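K.L.:
What follows is each chain in one-letter form.
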Amino acid sequence: MTTAALPPLTKKDFQTDQEVRWCPGCGDYAILAAVQAVFPELGIKRENFVVVSGIGCSSRFPYYMNTYGFHTIHGRAPAVATGIKVNHPELEVWVATGDGDALAIGGNHTIHMLRRNVGIKVLLFNNKIYGLTKGQYSPTSEFQKVTKSTPFGSPDRPFNPVSLAIGAEATFVARSVDVFQGHLKETLKAAAAHKGSAFVEILQNCNIFNDGAWFNLTEKEARSEHVIQLEHGKPLIFGKNKDKGIRRKPDGDIEVVALGNGISESDLIVHDAHHPRPSYAFLLSHMEHRPGFPTPLGVFRAWDDLPRYEDVMHEQIQAVIAKKGPGDLSKLLRAGDTWEVK
Amino acid sequence: MTTAALPPLTKKDFQTDQEVRWCPGCGDYAILAAVQAVFPELGIKRENFVVVSGIGCSSRFPYYMNTYGFHTIHGRAPAVATGIKVNHPELEVWVATGDGDALAIGGNHTIHMLRRNVGIKVLLFNNKIYGLTKGQYSPTSEFQKVTKSTPFGSPDRPFNPVSLAIGAEATFVARSVDVFQGHLKETLKAAAAHKGSAFVEILQNCNIFNDGAWFNLTEKEARSEHVIQLEHGKPLIFGKNKDKGIRRKPDGDIEVVALGNGISESDLIVHDAHHPRPSYAFLLSHMEHRPGFPTPLGVFRAWDDLPRYEDVMHEQIQAVIAKKGPGDLSKLLRAGDTWEVK
Amino acid sequence: MSSVTEVPASKLRREVIEQAVIRFAGDSGDGMQITGSQFTNTVALYGNDIATFPDYPAEIRAPAGTEPGVSGYQLNFSSGEIHTPGDAVDVLIAMNPAALKVNMADLKANGILIVNSDSFKETDLRKARLTVNPLEDHSLDKFRVFPVELQRLTRSSLQHLGLDAKAMDRCKNFFALGMCYWLYNRSMDPTVRWIDSKFKSKPLLAEANKLALKAGYSYCEATEAFQVSYEIPPAQLSPGVYRNLSGNQALAMGLVVAAQKAGLKLFLGSYPITPASDILHELSQYKDFGVMTFQAEDEIAAITSAIGASYSGALAMTTTSGPGMALKTEAMGLAIMTELPLVIVDVQRGGPSTGLPTKTEQADLLQALFGRNSEAPIPVLAPATPGDCFWIAVEAARIALKYMVPVIVLSDGYLANGAEPWRIPTLDELPSIPVKYATDPEGFMPYKRDPETLARPWAIPGTPGLEHRIGGLEKQDVTGNINYEPLNHENMVRIRAAKVAAVAQDIPNVLPAGDADGDLLIVSWGSTFGAITQAVKSQREKGRKIGHLHLRHLNPLPNNVGDVLRRYKKVLVPELNMGQLSWILRAKFLVDAIGLNKIQGRPFKQNELELKIEEMLGL
Amino acid sequence: MSSVTEVPASKLRREVIEQAVIRFAGDSGDGMQITGSQFTNTVALYGNDIATFPDYPAEIRAPAGTEPGVSGYQLNFSSGEIHTPGDAVDVLIAMNPAALKVNMADLKANGILIVNSDSFKETDLRKARLTVNPLEDHSLDKFRVFPVELQRLTRSSLQHLGLDAKAMDRCKNFFALGMCYWLYNRSMDPTVRWIDSKFKSKPLLAEANKLALKAGYSYCEATEAFQVSYEIPPAQLSPGVYRNLSGNQALAMGLVVAAQKAGLKLFLGSYPITPASDILHELSQYKDFGVMTFQAEDEIAAITSAIGASYSGALAMTTTSGPGMALKTEAMGLAIMTELPLVIVDVQRGGPSTGLPTKTEQADLLQALFGRNSEAPIPVLAPATPGDCFWIAVEAARIALKYMVPVIVLSDGYLANGAEPWRIPTLDELPSIPVKYATDPEGFMPYKRDPETLARPWAIPGTPGLEHRIGGLEKQDVTGNINYEPLNHENMVRIRAAKVAAVAQDIPNVLPAGDADGDLLIVSWGSTFGAITQAVKSQREKGRKIGHLHLRHLNPLPNNVGDVLRRYKKVLVPELNMGQLSWILRAKFLVDAIGLNKIQGRPFKQNELELKIEEMLGL
Ligand SMILES: Cc1ncc(C[n+]2csc(CCOP(=O)(O)OP(=O)(O)O)c2C)c(N)n1
Ligand SMILES: Cc1ncc(C[n+]2csc(CCOP(=O)(O)OP(=O)(O)O)c2C)c(N)n1
Ligand code: SF4
Ligand code: SF4
Ligand SMILES: [Mg+2]
Ligand SMILES: [Mg+2]
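Protein chains in written order, with the working numbering: chain S, 18 to 359; chain E, 18 to 359; chain D, 269 to 887; chain Y, 269 to 887.
Hint data in this document are derived by calculation from the structure and do not stem from the laboratory. Any given hint might turn out to be false.
Said to hold, decoys possible - Cross-link-like lysine-lysine pairs, in silico, BS3-like; alpha carbons within 27 Å at most:
(1) LYS165(E) / LYS466(D)
(2) LYS237(S) / LYS434(Y)
(3) LYS856(D) / LYS838(Y)
(4) LYS212(E) / LYS533(Y)
(5) LYS880(D) / LYS856(Y)
(6) LYS62(E) / LYS533(Y)
(7) LYS341(E) / LYS533(Y)
(8) LYS434(D) / LYS165(E)
(9) LYS151(E) / LYS805(D)
(10) LYS340(S) / LYS470(D)
(11) LYS466(D) / LYS340(S)
(12) LYS251(E) / LYS266(S)
(13) LYS341(E) / LYS468(Y)
(14) LYS533(D) / LYS341(S)
(15) LYS165(S) / LYS341(E)
(16) LYS856(Y) / LYS151(S)
Bear in mind the structure is a predicted one, so any value in this text is a computation, not a measurement.
Based on the provided sequences and hints, a complete structural model is requested.
P.N.:
Structure, rendered in C-alpha cells:
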C-alpha cells in the first residue's frame with residue numbers, strides 16, 4: 018500500500034475524540050502513543066488501517082485510534098482479522114490484544130493465524146493479569162502468583178509467549194516494553210515491514226492489579242543487568258558496562274560470560290534474526306528462565322520468505338480465472354446434465 | 018497406583034465386546050493393539066484407567082478399551098480429562114485424539130493442558146487428514162495438499178505437533194508410528210512412566226482418505242534412510258548401514274554427516290532426553306523440514322521435575338486444612354458479623 | 269393403475285405404470301450411492317418427476333457385510349407429480365444379507381427383490397447375524413425373488429480385461445444397474461457418458477464399468493429373468509430446462525448467484541461437519557467466481573472470520589450443523605450488535621450433542637430463534653425442498669444485505685442429500701440485489717439508519733473519510749459511540765427488534781394449499797413439505813376439508829399467518845422435533861396447535877400423516 | 269410518618285422515622301462501595317431491614333472526575349419490612365461534581381445533599397462537563413444542601429500522622445461515613461472493628477481511617493451542621509441469627525453446603541466474567557472444605573472440565589454470565605446426553621454480545637431453556653433475592669444429583685452484588701442430599717434407570733467391575749451402547765424429557781401472595797421479586813384485588829401454575845427483558861399474558877409497577 022504522493026500524516030491524524038479510559042498510570046497509554054507515532058510514518062493511507070481487538074483493557078485500543086476499528090469479542094480478534102485480511106489483502110490489519118485475550122480464550126486463533134502466516138500484526142499487551150475483570154491470574158502469570166482467583170498462589174506455570182509463537186511457526190516474533198518508547202517504536206516499524214504474520218509481545222504495566230510486574234526490567238538500576246537487546250548482526254552483549262555476553266558452548270547450548278581476560282566480543286553469538294529455521298530464536302526465547310540470564314528484547318525472528326495465506330488463496334483464484342475465464346452465471350446454472358420440458 | 022499383589026492382567030482384559038468399526042486396513046487397529054498390550058504391563062488396576070477422547074475416527078478408541086471411557090465432544094478431551102484428573106488424581110487418564118481434534122478445534126485445550134503439566138497422557142493419531150468427515154485437510158496436512166475442501170491445494174503450512182508441544186512447555190514429547198509395534202509399545206511405556214503431561218504423536222495411516230501419508234517413513238526400503246531413532250544416551254545415528262549421523266556445528270546448529278574418513282560416532286550428538294531446557298528438543302523437532310535430514314522418532318523430551326497441576330492444588334488444600342482444620346459448616350454459615358433477632 | 273400392452277418382439281410383457289419406488293441397498297463399499305444417483309439422473313433426464321432418499325451409515329466406517337455398514341438409496345419416480353421418496357418399495361436390490369435384512373421390511377408384498385446370490389455364503393450370513401439363509405427359509409415367499417450371481421456374472425463378463433478379482437467385483441453394482449435399466453426400459457447412455465468422464469484418466473476401469481453395465485442389461489434380455497418390464501412415461505412438469513440437484517448443491521449455487529447479483533465477493537468461513545461439509549466442498553470449486561473458502565480451525569473462527577469478511581465488504585457466510593451452531597451463538601450476538609450482513613446455514617441433524625450425525629431432524633428451530641445471550645433477534649428461513657435451497661439462499665442473502673442483519677437458514681440432512689428435478693431459472697427470473705457501500709464522509713454516522721429498513725450504512729475499510737469504530741458493547745444510536753445509559757439501551761434493543769420485524773414488509777402473504785378454510789389446517793416448515801403435500805392431496809381426494817400452510821419464513825412470520833390460522837377449526841403441526849413451531853404459534857397467536865412429533869432421524873411417511881389427519885378429523 | 273421528640277442534651281431535633289434511603293456517590297477511586305457496605309453492615313447489625321443497590325461503572329476504568337467514572341451505592345433501611353433499595357433518595361452524599369450531576373435527579377425534594385465542596389474547582393467542573401458551578405446556580409435550591417470541605421477537614425484531622433496528601437485524601441470517605449453515622453445515630457464500632465481487621469498489617473492506615481471516621485462524627489456534633497438527626501428503630505424480622513449477604517456470596521456458600529450435605533467434593537470450572545467472577549473468588553477461599561477451583565482457559569474448558577469432574581464423582585459446577593453461557597451450550601448437550609449431574613450458574617447481565625457488562629438484565633431465560641442444538645431439556649431455577657441464592661444453589665445441587673441432570677441457575681447482576689439481611693439456617697434446616705455411587709457389578713448397566721427418578725446409575729472410575737463407556741452419540745437405553753435405530757432415538761428423546769419433567773414431583777404447589785383470585789395476577793421470576801412484592805403490597809393497601817405469583821422453578825414449572833393463572837381476570841408479567849416468561853406462559857397455558865418489559869440495565873421501580881397495575885385495572 019506504500020505510495021509516494023501521500024499528504025504527510027501526523028500523530029494527530031490517528032487520535033480520536035473518544036476520551037481515553039484507562040487507569041491513570043496504565044502502561045497502555047505509552048503503547049497507544051507509540052502506535053500513533055509510528056502509523057503516520059508507514060506511508061499507508063489512514064483509511065487502509067484496520068485495528069482489531071478482542072475484550073480487555075488493552076482491547077479498548079481501537080476506540081482511541083482514528084482508523085477503521087473493530088472491538089470484537091473475547092479472544093476472537095485474530096479470526097476476525099483473518100476474515101478482513103483474506104477478503105481485502107490491501108488493508109493494513111493490526112490486532113491489539115491482551116495476555117488473556119490472546120493466550121487464554123484466544124490461544125487457538127492466535128497460533129493458527131501464525132501458522133497460516135496471514136499478513137496481520139499482533140500486539141500482545143502482556144501485563145501478566147486479567148485487568149478488565151479486576152485481577153485474576155493469566156496464562157502468563159508467574160507460578161504461585163497470588164491473585165483474586167488464586168488466594169493461595171496459582172498452581173500452574175505460565176506460557177512464554179515468544180516460545181509459543183515460535184513453536185506455532187511464527188515468521189516474525191519480537192518483544193518490547195511499554196515504557197521503552199524508542200525501542201517500542203523501532204520494534205513496531207520492524208513488524209510493519211514484515212509481510213507475513215508479525216507477533217509482538219509488549220511488556221505492559223497494570224499499575225492497579227499487577228503493579229511492577231516488569232519492574233526488574235524497567236527500573237533504572239536493574240534494567241541494564243536484566244535486559245539484553247537483540248540487534249541483527251550485533252553480538253549478544255548486556256550489563257551496565259556492556260561487560261557481559263552470551264556465548265555458544267560446544268554442546269550447542271549457551272552461557273553467560275564476562276568480557277575481558279581472554280573473552281572478547283568476537284567470542285559472542287552474533288544475532289541472526291533472519292535465520293530461516295526457528296531453533297535459534299527458540300533458544301533465545303527461553304534464556305530468561307535460567308538463573309543469571311537476561312531477558313531478551315527486540316526482534317527474535319524475522320524470516321519473510323514464506324507466502325502469505327491470503328496471497329496463496331488469491332493466486333489460486335486468479336489462476337483458475339486465467340484458465341477457465343471468469344465465472345458465467347448461466348453456465349453455472351446449467352452445469353451438468355439438463356433436459357427440457359416443453 | 019502401582020501395587021504388588023495384582024492379579025496379572027492380560028491383553029484380553031482390555032478388549033471390549035464392541036465390534037471395532039474402523040475401515041479395514043486403518044492404522045488405528047495397530048495403535049489399539051499396542052495400547053491393549055501395554056496397559057496390562059503397567060501394574061495399574063483396570064478400574065483406574067480412564068480413556069478420554071473427542072470426536073473423530075481415532076476418538077472411537079475408548080469404545081474398544083475395556084476400561085472407563087468417555088467419548089466427549091470435538092476438541093474437548095483434554096479439558097474433560099483435566100477435570101477427571103484434578104478431581105481424582107489417582108486415576109490413570111489417557112486421551113486418544115486426532116490431528117483435527119487435538120490441533121484444530123482442540124488446539125487451545127491441548128496447549129493449556131501441557132502448560133499446566135496435568136498428569137495426562139495424550140495419544141495424537143496423526144493421519145494428516147480429517148478422516149471421520151471424509152477427507153478434508155487438517156492442521157498437519159502438508160502445504161498445497163489437494164483434498165475435498167482444497168481442490169486446488171491447501172493454502173497454509175502445517176503445524177509440527179512436536180514443535181508446538183515443546184513451545185507450549187510440554188515436559189514429555191515423543192513420536193512413534195502405528196506400524197512400528199515394538200517402538201510404539203516402548204514409547205507408550207515411557208509416556209506411562211512420566212508423571213507430568215505426556216504428549217505422544219503417533220503417525221497413523223488413513224488408507225481411505227490419505228493413504229501412504231507416511232510411506233517414506235514406513236516403507237521398508239526408504240525407512241532407514243528417512244528415520245532416525247532418538248535413544249537417551251545414544252549418539253544420533255541413522256542410515257541403512259548406520260553410516261550417517263547428526264553433528265553439532267560450531268554455530269550451534271546441526272548437520273548431517275557421513276561416518277567414516279575421520280568422522281566417528283564420538284563426533285555425533287548424544288541424545289539427552291532429560292535435558293531440563295526445551296531448546297535442544299525443539300532443535301530436533303524441526304530437523305525433518307530440512308533437505309537431507311531424517312525424521313526423528315522416539316522420546317524428544319522427558320523432563321519430570323515439574324510439579325503436576327493436580328498435586329499443587331491438592332497440596333494447597335491439605336496445607337489449609339492442616340492450618341485451619343477441616344471446614345466446619347456452622348462456622349461457615351455464621352462467618353462475619355452476625356446479629357440475633359429475638 | 270397399469271395398462272398392459274403386448275410387445276411382439278419378445279414374449280415379455282411391458283406394463284405402462286405411473287410410478288415406482290426402487291431402493292438400492294448394499295455394503296458401504298458397494299457403491300450404492302453412485303448406483304442410485306445414476307439411476308436417478310437417467311430417469312430425471314427422461315422426464316420423470318423424482319424424489320430421492322439416500323440413507324448411508326453414520327460417519328464411521330462399519331465392518332464390511334454388517335448391518336451398521338448398510339448403505340441405501342431410494343428413488344421414487346413417476347409420470348405424475350410426486351413429493352416424497354415413497355413409503356414402501358416396489359423394487360429392492362440387495363447386494364448382501366445385511367442389506368436384505370435391514371431393508372426387506374419396506375418391500376411391498378409381491379414386490380421385486382433382486383439379490384446377489386454370490387454373497388449368501390455361511391460367512392456372509394454370520395456377518396449379518398443370520399443363522400439361516402433367508403433365500404432358503406421361505407421368509408421371502410411374499411416377494412418376487414430374483415437371485416442373481418452378480419459376482420460370477422460380472423467377473424465372467426470382464427475376465428478378458430485382465431483386472432484383478434477385487435477390481436472386477438467393484439463393477440458389480442453397474443451390472444445390477446444395467447438390470448434395472450432393462451427392467452424400466454431406460455437408456456444406458458447418460459451413465460455411459462458419466463463413466464467416460466469420471467474415469468477419464470483410467471480408461472481400463474471405464475471400459476470395465478461400461479461392460480458390466482451392458483452385461484447386466486443383456487443378461488435380462490437374454491435370460492428373460494423378468495417376465496415383465498415397465499414403462500413410466502415422462503411427467504408433465506411445468507415447461508423449462510431442468511437439472512437434478514441436491515439441497516447442498518442448490519444452497520451453494522444460490523449463494524454464488526446472490527453474490528454475483530449483488531456484485532460482491534462471496535466469503536465462506538466454515539469448519540467441516542456432517543451433513544454440511546458438502547457446501548464447503550462445492551464452494552471451494554467455484555474459484556472462477558472468486559469465491560473465498562476459509563477452512564477455519566473451529567466453528568467460532570469460521571463465523572468470526574466471516575464477520576470480519578462482512579465488515580470489510582464481502583457477502584459472508586458460515587455453514588455448519590447443530591453442534592457447530594451451538595458454538596457460534598456468542599459470535600452471532602456480535603453480528604447482531606454490529607449490524608453486519610451474514611448468512612448462517614445450519615444443516616440440521618439428529619441430536620442432542622453429537623447425536624446421530626447422518627440422520628435428519630428439525631430440532632434446531634428454537635435454538636435458531638433464541639439460542640443467544642440476551643435479546644438477540646435474527647431472521648430465520650427454511651427451505652422446503654432440495655431445489656428450494658437455492659431460492660432460500662438467495663432470499664437469505666437479500667435480507668441480510670438489505671437490512672444489515674445476520675440471517676439463519678435452517679436446512680436439514682434430508683434436504684442436503686436428497687435430490688429433485690429443478691427447473692433452471694432464466695437469468696431474468698433471478699431477483700436483483702442492490703447493494704451500496706457508504707462513500708460520502710459528509711454527515712456520515714456509523715449507526716445513522718435508513719428510515720425504511722432501519723439498516724445502518726455499510727462503510728468498508730479502505731474508504732477515505734469514513735474511519736469509524738464498532739464493537740459488541742451497547743452503543744448510542746446514530747453515532748455508534750459506546751453508551752450504557754438506561755433509555756438508550758432500551759431504545760437500541762427495540763430498534764434491533766424492529767429491524768428484524770421490518771423484514772416482514774417484503775414477505776408476501778401466505779396462501780394455504782387446499783381449502784382456504786375448513787376443518788383442519790396443517791402448518792409445516794422445512795423438509796416435511798413434500799410428505800405433507802402428498803398426504804393433504806390424498807386426503808382431499810377423499811373429500812376432507814383441509815388446508816396446508818407451509819412456512820419458509822419463520823422469523824418474522826408472514827403478516828397474515830394469524831388470520832389464516834383462525835379460518836380453520838383445528839390446527840395440526842407435524843414436525844421432526846418435539847413441537848417447536850407449534851410452541852411458537854401457540855405463544856404468538858394463542859391457538860391450540862396440536863403437534864405430530866416424530867423424532868427418529870427419518871422423514872415422515874405419507875400414511876403416518878394421513879392417520880393423524882383422520883384422527884383429528886374424528887374419523 | 270415521623271414522631272418528633274425533644275433531645276434536651278442539645279438543641280438538635282431527633283426524629284424517629286420508619287425508613288430512609290441513602291446513596292453514596294463519588295469517583296471510582298473514592299471508595300464508595302466500601303463506604304456503602306460499611307453503613308449497610310452497621311444498620312443491619314442494629315436490626316434494620318435493608319436492601320442495597322451497588323451501581324458501579326462498566327469494567328473499564330474511566331478518567332477520574334468524569335461521569336462515566338461515577339460509582340454509587342444505595343441503601344434502603346427500615347424498621348418495617350422492605351424489599352427494594354427504594355425509588356428515590358432521602359440523603360445523597362456526592363464526593364464530586366460528576367457524582368452530583370449523575371445522581372441529583374433521584375434525590376427527593378427537600379432531601380439532604382452532602383457535597384465535598386473541596387472538589388468543585390474549575391477543573392473538577394470541567395471533568396464533569398459542567399460550565400457553571402451547581403453549588404452557585406440555584407439548581408440545588410429544592411434540596412437541603414450541606415457543602416463540607418471533606419478534603420481539608422480530613423487532612424487537618426490527620427496531619428499529625430505524617431502521611432502524604434494522597435494517603436490522607438483516601439480517608440475522606442470515612443469522614444463522610446462518620447457524618448452519616450451521626451445523622452442516623454449509629455454506633456461506629458462495627459466499622460472500627462472492620463478497619464482494624466482490614467488494615468491489620470498497616471496500623472498507620474488503620475489509625476488514619478478511624479480518625480477520619482470519628483472526625484466526621486464529631487464534626488456534626490460540634491458544628492451542629494444538621495439541625496436534625498434521625499432514629500430508625502430495629503425491624504421486626506422473624507427471630508433468628510442474621511448476617512448480611514450478597515447474592516454471589518450466598519450462591520458460593522450454598523454450593524459448599526450442598527457438597528457437604530451430599531458428602532461430595534465440590535469442583536468449580538470457571539473462566540472469569542463480570543458479574544460472576546466473585547463466585548470464583550469466593551470459592552477459591554474455601555480450601556478448608558476441599559473445594560477445587562479450576563480457572564480454565566475459556567468457558568468451554570470451564571464446563572467440560574466440570575463435566576469430567578462430575579463423571580469422576582464430584583459435585584461439579586460452572587459459573588459465568590451471558591456471553592460465556594452462549595459458549596457453553598454445546599457442552600451442555602454432552603452433559604444431557606451422558607446424564608451427569610452439573611450445576612450451571614448464569615449471572616445475567618445486559619446484552620446482547622458484550623453488551624453492558626456491569627448492568628443487570630433477565631434476558632437469558634429463553635437461552636437457558638432452548639439454547640442448544642436439538643431437543644436438550646434442562647431444569648432451570650432462579651433465585652428471588654440475594655439470600656435466596658443460597659437456597660436455590662442447594663436446590664439446584666439436589667435436583668442435579670437426584671435426577672442425574674445438568675441444572676441451570678439464572679441469577680443476575682442485581683442479585684449478585686445486592687445485599688440483604690439473611691437469616692442463618694440452623695443445621696437441621698438444611699435439606700439432606702442423599703447420594704450413592706453404583707458399586708455392585710451384579711447386573712450393572714450404565715443406562716439402567718431408577719424407575720421413580722429415571723436417573724441412571726453414577727458409576728465412577730476407580731470402581732472395580734463397573735468399567736463402561738459413555739459419550740455424546742445417541743445410545744440404547746439400559747445398555748448405553750451406541751444406537752441409531754429410529755424408535756430407540758425417539759424413546760431416548762422422550763426419556764430425557766420425562767426425566768426433567770419428573771423434577772416437578774418434588775416442587776411444591778405455588779401459592780400466590782395477596783388475593784387467591786381476583787382481577788389481576790402478577791407473575792414474576794428472579795430479582796424482580798422485591799419490587800413487585802412492594803408494589804403489590806401498596807396496591808392491595810389501596811384495595812385492589814390482585815395476586816402475585818413468583819416462580820423460582822422455571823423448568824419444569826410447578827404443577828399448579830395453570831390453575832392459578834385461571835383464577836384471575838388478567839395476567840401481567842413484568843420482566844427485565846422483552847417478554848420471555850410471558851412467551852412461555854402463553855405457549856403452555858394459552859393465557860393472554862401481558863408483559864411489562866423494561867430493558868435498561870436497571871431494576872424496576874415500585875411506582876413503574878404500580879402505574880402498570882393501575883393501567884391494567886383500568887384505573
Ligand atoms: C466470552 C467472554 N468471557 C469472559 C469475558 C470477561 N473478560 C473480559 S476481558 C477478560 C480478560 C482480560 O485480560 P487480558 O486479555 O489480559 O486484557 P487486560 O484487561 O489485562 O488488558 C475477561 C476474562 C468476556 N468479556 N467474554
Ligand atoms: C463441534 C463439531 N464440529 C465439527 C464436527 C465434525 N467432525 C467430527 S470429527 C472431525 C475431524 C476429524 O479429524 P481428526 O481429529 O484428525 O480425526 P480422524 O477422523 O482423522 O481420526 C470433524 C471436523 C463435530 N463432530 N463437532
Ligand atoms: S486495570 Fe490495569 S490494565 Fe486495565 S486500565 Fe487499569 S491499569 Fe491499565
Ligand atoms: S477413514 Fe481413515 S482414519 Fe477413519 S477409520 Fe477409515 S481408514 Fe481409519
Ligand atoms: Mg492482561
Ligand atoms: Mg486425522
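K.L.:
Each hint needs a verdict: does it hold in this structure or not?
P.N.:
Consistency of the hints with the structure:
no. : hint                  : result
1   : LYS165(E) / LYS466(D) : 16 Å, holds
2   : LYS237(S) / LYS434(Y) : 25 Å, holds
3   : LYS856(D) / LYS838(Y) : 17 Å, holds
4   : LYS212(E) / LYS533(Y) : 24 Å, holds
5   : LYS880(D) / LYS856(Y) : 22 Å, holds
6   : LYS62(E) / LYS533(Y)  : 23 Å, holds
7   : LYS341(E) / LYS533(Y) : 18 Å, holds
8   : LYS434(D) / LYS165(E) : 25 Å, holds
9   : LYS151(E) / LYS805(D) : 40 Å, violated
10  : LYS340(S) / LYS470(D) : 24 Å, holds
11  : LYS466(D) / LYS340(S) : 21 Å, holds
12  : LYS251(E) / LYS266(S) : 20 Å, holds
13  : LYS341(E) / LYS468(Y) : 19 Å, holds
14  : LYS533(D) / LYS341(S) : 18 Å, holds
15  : LYS165(S) / LYS341(E) : 20 Å, holds
16  : LYS856(Y) / LYS151(S) : 43 Å, violated
Violated hints, listed in ascending order, are 9 and 16; each of the other numbered hints is respected by the structure.
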